Amino acid sequence: MVNVRTFDLNLLRVFEAIVNDNSVSKAADKLGMSQPAVSNALNRLRRQLDDPLFVRTPMGMDPTPKARELAISIGGGLTAIRAGLLAGMAFDPATSERQFTLLMTDVGQINFLPPLLSVLNREAPHIDIHVMEAGVETYGDLLESGIADLAVGRISLSDKFESEMIHSSPFVVLMGKQNRLLKGRSGENLSISKEEYLDARHVSVLPRGSSADPIPVALGADSRRRKIALKVPHATVLPMIIRDTELLATIPKIAAHNLLTPGTLQAVPVPFAIEPNRVYQWWHRRNTADAGHRWLRHILASAGV
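Using this note's numbering, the first residue of the sequence shown is number 9, and each one after it goes up by one.
Be careful, since some hints might not be right.
[Said to hold, decoys possible] Pairs of lysine-lysine, DSSO-like flavour, derived with a Cα cap of 30 Å:
no., residue 1, residue 2
1, K191, K239
2, K202, K261
3, K168, K235
4, K239, K185
5, K235, K261
6, K74, K168
No lab work stands behind these hints, which were simulated from the structure alone. Note that the structure is a prediction, hence the values are computed from the model and not measured.
Produce the complete structure using the sequences and hints provided.
Pasting the structure below:
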């Protein structure tokens, strides 16, 4: 049983760093400690909690079930302490050395990281951004635990979190320039019919853990006619998949713009009514008043315009 009175709270910072980075060496760098010192701290924590906590794998230090459970409460506790200490303190992006962790899909990274990093380079050269990819179903736990600061995407979370829409983009249909649907068609206002769309074969892009596909909703009963030949979790593979096939992908226009390869891909309007792709940033309520957090949210919202 853990003796709370004599427990070394510094061990919790070591635990949090290893959870976030999946690496003892990276945790040591982040904490300004030597690797042997971090390993020693981890061994002490293992003995006190009577659990291995992390298992070494080719992908890094994989947390045990107990460690995953502890990460939520420990991360949340440490984040609350930091928020309390930072409350009311001035935030100067030019001198701040804070690190912010963002949850984003590959499309989110393509769309929002370049403008975000451009601002950081000019205004906040010492702030670090750590981007995580995780199953959408884990976003709430990662925000609540403090492991992540913001989640960005076409997502919806519970009312313990706050959100802001930062971007809205229409959907388009992406296809290879050699697709038979484009034969004999030219000009700037290319289009396809709904029947042609439904008769084609499609690539469905859904991030890991997401079930929020707006296309079947928009098609209604006709969604049964849409032939899904391939399902992928990342949109960045689409150019390689689509350019030499007859497959179509229905994705946000901003993503298509960033993925288009001159001479190989073509985007055309979706041939039926569909709600635009709305992107939100989500955060835990405890961070709402944090000056640094507010600044980052403002920058991301500006990047999404």
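Restraint status (C-alpha distance of K239 to K185 at most 30 Å): OK: K239 and K185 at ~21 Å, within 30 Å.
Holds or violated: K191 with K239, Cα cutoff 30 Å? Holds: K191 and K239 sit about 26 Å apart, inside 30 Å.
Decide if the proposed pair is consistent with the structure: K168 and K235, CA atoms, cutoff 30 Å inclusive. 38 Å, violated
Given the hint that K235 pairs with K261, test it: the Cα-Cα distance must not exceed 30 Å. 22 Å, holds
Holds or violated: K74 to K168, with C-alpha atoms at most 30 Å apart: 24 Å, holds
Just to be careful, I want the Cα atoms of K202 and K261 compared with a cutoff of 30 Å; is the pair within it? The hint holds at about 18 Å.
Hint compliance for this structure: hint 3 is the single one not met.
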